[in-house]
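Same order as they appear, the protein sequences are chains X and U.
Mapping the first sequence onto the numbering used here, position 99 (from 1) lands on 125, and the numbers just tick up by one.
Mapping the second sequence onto the numbering used here, position 42 (from 1) lands on 66, and the numbers just tick up by one.
A hint or two may mislead.
Unchecked claim - Keeping only pairs whose Cα atoms sit at most 27 Å apart, straight-line, the calculated DSS-like set for lysine-lysine is:
id, chain 1, residue 1, chain 2, residue 2
1, X, Lys-130, U, Lys-68
2, U, Lys-102, X, Lys-94
3, U, Lys-68, X, Lys-134
4, X, Lys-68, X, Lys-48
5, U, Lys-68, X, Lys-68
6, X, Lys-84, X, Lys-94
7, X, Lys-97, X, Lys-83
Derived from the structure by calculation, the hints contain no laboratory data.
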Amino acid sequence: GENVEQHPSTLSVQEGDSAVIKCTYSDSASNYFPWYKQELGKRPQLIIDIRSNVGEKKDQRIAVTLNKTAKHFSLHITETQPEDSAVYFCAASWYQLIWGAGTKLIIKP
Amino acid sequence: EAGVTQFPSHSVIEKGQTVTLRCDPISGHDNLYWYRRVMGKEIKFLLHFVKESKQDESGMPNNRFLAERTGGTYSTLKVQPAELEDSGVYFCASSQAGGMDGELFFGEGSRLTVL
């Protein structure tokens with residue numbers, strides 16, 4: 027079936043450095059790619075999304091890039107802060123959302 | 025405005041018992057989804073309601089799982105009888121727009137532990 031691979035499963039970065047999380051999808055018909063953030067004990071929340079007619083989207087310190095040919099998309103967080111610590115999920119959809127396994131991002135002080 | 029609420033937040037049951045999880049979506053959201061996440065793995069789709077109708081239940085693992093959404097408001101997900109592999113966090117999400125290119129609003133999840 028369709029799947030989304032997400033890497034790495036855990037990412038530890040120094041506060042102030044950048045973090046990159048990568049996802050690869052299998053369904054070439056996918057046209058919507060959201061990223062959700064789940065802080066410890068809280069609900070997943072949408073932080074940014076991109077549609078297949080756009081290659082890059084930025085919102086303050088976070089950005090998402092999409093390479094349709096290679097079928098992969100990435101989340102970039104710059105100038106990381108302690109509040110960025112969370113589990114991040116990528117997903118891809120055409121009909122139903124297919125989710126990645128999540129990346130636990132740890133920001134070291 | 026109240027967000028999506030789920031109950032219970034955590035349930036511990038013995039294998040063979042029954043558990044019912046409840047989800048109250050955001051008022052006015054016709055679309056309601058159930059997902060499950062086993063520890064460390066991906067969030068897996070279970071089913072999708074549009075109002076009271078099951079739009080897609082292709083993700084339901086087997087007939088031990090029964091979801092309802094009477095009246096198109098809150099939804100319940102019953103597991104009967106529960107098995108060890110049913111353990112995980114069950115998320116409910118709702119959305120206003122149809123189609124899978126709009127924001128999903130999640131509940132905090134119901135953690136199910138089957139012993």
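Item to check | Enumerated hints in conflict with the structure, sorted upward | outcome: 2 and 3
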